[in-house]
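J.: Knowing the structure of chain A, use the given hints to seat chain B on it.
There are 2 protein chains.
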Amino acid sequence: MRRSQLFTKTSKTIPADEQSRNAQLLIQAGFIYKVMAGVYAYTPLGLRVIEKIKTIVREEMNAVNGQELIMTNLQPREIWEGTGRWDDEIVDIWFKTKLKDDTELGLAWSHEEAIVEMMKQHIGSYKDLPVSVYQFQTKLRNELRAKSGIMRGREFVMKDMYSMAVDAKQHDEYYDSVIEAYKRVYDRLGIGKDTYITFASGGAFTKFSHEFQTICDAGEDIIYLHREKNIAINELEAVKTSEVGNIFNFGTEKSEKMDFTFTNEAGEKQYVHLGSYGIGITRLMGVLVEKLSDAKGMVWPMVVAPVQVYVATVGQSEKVVQTAEELYKALTVAGIEVLYDDRDARPGEKFADADLMGIPYRVVVSEKTLEQNLYEVKARTQDTPELLEINELIKKVAGNLA
Amino acid sequence: MRRSQLFTKTSKTIPADEQSRNAQLLIQAGFIYKVMAGVYAYTPLGLRVIEKIKTIVREEMNAVNGQELIMTNLQPREIWEGTGRWDDEIVDIWFKTKLKDDTELGLAWSHEEAIVEMMKQHIGSYKDLPVSVYQFQTKLRNELRAKSGIMRGREFVMKDMYSMAVDAKQHDEYYDSVIEAYKRVYDRLGIGKDTYITFASGGAFTKFSHEFQTICDAGEDIIYLHREKNIAINELEAVKTSEVGNIFNFGTEKSEKMDFTFTNEAGEKQYVHLGSYGIGITRLMGVLVEKLSDAKGMVWPMVVAPVQVYVATVGQSEKVVQTAEELYKALTVAGIEVLYDDRDARPGEKFADADLMGIPYRVVVSEKTLEQNLYEVKARTQDTPELLEINELIKKVAGNLA
Chain A
936 MRRSQLFTKT SKTIPADEQS RNAQLLIQAG FIYKVMAGVY AYTPLGLRVI
986 EKIKTIVREE MNAVNGQELI MTNLQPREIW EGTGRWDDEI VDIWFKTKLK
1036 DDTELGLAWS HEEAIVEMMK QHIGSYKDLP VSVYQFQTKL RNELRAKSGI
1086 MRGREFVMKD MYSMAVDAKQ HDEYYDSVIE AYKRVYDRLG IGKDTYITFA
1136 SGGAFTKFSH EFQTICDAGE DIIYLHREKN IAINELEAVK TSEVGNIFNF
1186 GTEKSEKMDF TFTNEAGEKQ YVHLGSYGIG ITRLMGVLVE KLSDAKGMVW
1236 PMVVAPVQVY VATVGQSEKV VQTAEELYKA LTVAGIEVLY DDRDARPGEK
1286 FADADLMGIP YRVVVSEKTL EQNLYEVKAR TQDTPELLEI NELIKKVAGN
1336 LA
Chain B
936 MRRSQLFTKT SKTIPADEQS RNAQLLIQAG FIYKVMAGVY AYTPLGLRVI
986 EKIKTIVREE MNAVNGQELI MTNLQPREIW EGTGRWDDEI VDIWFKTKLK
1036 DDTELGLAWS HEEAIVEMMK QHIGSYKDLP VSVYQFQTKL RNELRAKSGI
1086 MRGREFVMKD MYSMAVDAKQ HDEYYDSVIE AYKRVYDRLG IGKDTYITFA
1136 SGGAFTKFSH EFQTICDAGE DIIYLHREKN IAINELEAVK TSEVGNIFNF
1186 GTEKSEKMDF TFTNEAGEKQ YVHLGSYGIG ITRLMGVLVE KLSDAKGMVW
1236 PMVVAPVQVY VATVGQSEKV VQTAEELYKA LTVAGIEVLY DDRDARPGEK
1286 FADADLMGIP YRVVVSEKTL EQNLYEVKAR TQDTPELLEI NELIKKVAGN
1336 LA
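In order, the protein sequences belong to chains A and B. Here the numbering used here is used: the first residue of the first sequence is 936, the next is one more, and so on. Here the numbering used here is used: the first residue of the second sequence is 936, the next is one more, and so on.
Just chain A, with the same shape it has in the complex (with noise of 0.2 Å):
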C-alpha cells in the first residue's frame, strides 16, 4: 500500500471528544473515524486490524468444529417476548424501529433467541447433536453512555458461538474445549499471559459463566490474582482488567422457555443443552491498543498489524526512490505487507506516523546507508535501530510472522 494513496490522514491533534486513549490514538493515526458517540467507522487500515483479528478467531471456532453462519440485525418481536427479554425494563439496551404497517421490530444486541428459533429447524435426533454455530456479527446495543471507545460500542463487531448438546456431559466437554480455544486466541494475539479466567454465578438469564479478563488499566473490572498459582481468586492482588470473552451455560433453561427439543435414542423428547460464547472483535482490538501503547502512539503484535513494514524514504533522490520501490516489491513479493512512505514530506514527519500507527517495523531507505547497500531497520518495541541487508531484513520480518 502506498502512503501516497492511502485516503486517511494522521492528526497530532488529540479528539476533544474522546476521553479514552484507544479512540484518541485509532482516530488520530486514522484507523477509526467517529460517527456520534460509541458508532466508529472502520478505515482501511483499522478494517485489516479487525480482519486479521476475525481470520485467528475463526481459525480456532472451526479448530472445536464451529459452523460460520450469519444472522440478522432485525428481529421479530416474538421470540423475544417469549423468553421475557423484550421488554425494555428487563433488557435496557434494545435499538427498536417499525416496519411500515407499525410492526415493532428489535435490532439485534444479543443472538440467543434467534439462534435457537432457527435450529429448532434443523435438529430433532439425539443424531444432530452436539453442534455449533458463530457468526461475526455487528451488534446494535442502546448504551445509555458510550465514553470507551471501541470498547464499549453502540455498534460493534461481535463474535457469538452457540453450541447445541444432548446433556450436560456432552455440553460440559464442548465448553471446556471452547475454554482451550479462547485460550489460544489470546496467546495468539500475545496476551495469553495476562488474561484470567474468572467464574460468575450467572445472572438472569444463566446457570453460570466465565469471563476472560485481561489486565488492562483502561479496563471497567477489577479482579484478584494470585499471580504465582496463575489465578484469579477473590484474596490477594485487586488490577484493573477488560472482559475480552465471556461463556455462558444455559443448562436447558432457555430450551424449556422456547420448546427446543431432540428425541434420544429411547425415543423420548428432551431439552437441549445450550451454551454461549462471545468474544467482542472490537472490544479485543481496543484493550489491544489500550495495554500496548506507548506515548508514541499505538504497538500492534504482528499477527494483527494492519501491514508489518512501513517503509520510509529520506529525501526523494533518484536512487532513493528507486532502491525503495525495489525493496517494496521485494517484501511484496515475500509474502510480508508493507505501507511505502513515498510522500515527499520530512523524515520525522514519516517516523512519528510510523510509531503512531504502530507499524511493526521500520525501515528506512537513505542515501547514506545506501552507500553500504544497508537499510535502517528499527522494531516498533526497541529504540535502537540495525542496519541490515535485505536478505537479512526479509528474514527477520519474515520469520517473526511465520
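One thing to keep in mind: the hints can contain errors.
When chains are identical, the list treats them as one kind, so a pair holds in a single copy or across two.
[Said to hold, decoys possible] Below, simulated EDC-like cross-link-like pairs (lysine to aspartate or glutamate); rule was C-alpha separation at most 16 Å, straight line:
id, residue 1, residue 2
1, K947, E1188
2, K1033, E1078
3, K1035, D1022
4, K1231, E1191
5, K1118, D1129
6, K1331, E1260
7, K1035, E1078
8, K1175, E1155
9, K1303, D1111
Hints listed in this document are in silico derivations from the structure and should not be mistaken for laboratory results.
T.: Just chain B now, kept in the frame of chain A:
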C-alpha cells in the same frame, strides 16, 4: 465438509410462504433461513456463496484502486437533513430508532451522506484526488412489500463504492473504469453475456445513472434489446431483466449541499465530483439462483459454489467408506472443496440433495465402479455421468476451477 456434521437439513417441501423461486430453493437446500419477510439469515452453505461473490467483487474493486472500509448502520439525523433526505416523505424506506435521550437515529439504507461527511476530514487538496472507497455493508430498507426472496430484501448485503474527483474529466475516466470492472465481475460469474448496461436520466438525487441489467425471468424490469449489436435500447426486443448493479454520477450537486470542497492548484476552493457504484451481493446471489436453476434445483457456477464436489457413497461397506474417505482427503489436498455425504442414507436421497444444492460435480463411490478403480462423475449441468480415475477426476475439477 462432512454432511453428517453440517447442521442444515434439506427439505422436499416448498415453503408455503415464499413466492419467489430463489427463496424457495435456497430455503429447501438449507442455504438461508427466513426470519421474516425480506429478512434472511445465511447458513453455512449460503454464507460460503456470499463470501465467494464478495471475493470476486473485492478483487475487481481493488483493481480500480478502491480502498475497503466499513461504515456504520447507525446514522445521525443531521447529515441526512442537510441534503433533504431525512424526511420519510422524501425517502420512504428509512428504518429509524432512538437513543435513550430520544435522539432520533437512522439505520443506513445508503451511505452516500455518511461517506461524504467522513471524507471531508481527509480530502483537502487536489493532491488527495482522485480517491475511491468501498465497503460490503448490511443495508436496512423498510420496503413496503418483500416478496422477491433475497432479490429485494429489507436487510441485505451490498457493495457500495464512492469515487471523488477534481473535475468531470477525472470523474468520467474513473466512472468508465468501474464500468469495465463491473463487466469483469459479471463475466467471472458467468452472466456477462446476458448482462446489459442501460442508461437512466437520473432522478431526484443524481445527474444521471447507469444500470446493469441481467436477463432473468424473475426480474422486475424490462429492457429492449438489439441482440446483434449487443446493446439495450428502446426499440426491438422486450425482455425481463433484473438489476445487478448501478452506478451514479452526482456531479457536484451533493458536494455543494454538504460543502465538500478541495483546493485546486491555483489555491481556489472547488467542489468535489462524486460518483457512487452499487452491487447488491445477496441480490446477485438470488439472480444466479433464478437464472441458472432447473427443475431439480440450483446450479452454481464453479467460482461461487459453496463447494465444487459432492461426494456420495452408495452403501456403507468398509471398502466404499474407506475409499470415499481417501477421495475426500485427496480432493481437499488438491485444493478442491468437498461436501462429503457420509450419511447412511439412500443413494437417491444423496443425489437429489446434490442436485438441489447445485454443486457443480457429483462423484459417486460404489462397490461396482471400484472394481475398476473408477469413480462415477457427473457435472450438475449434464445428464450422463462418466467413469474416471482419481487423477482424471482431480484434473477435471481443478481445471475448471482455475
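J.: Any hints from earlier that this structure breaks? Give me their numbers in increasing order, please.
T.: 1, 4, 6 and 9
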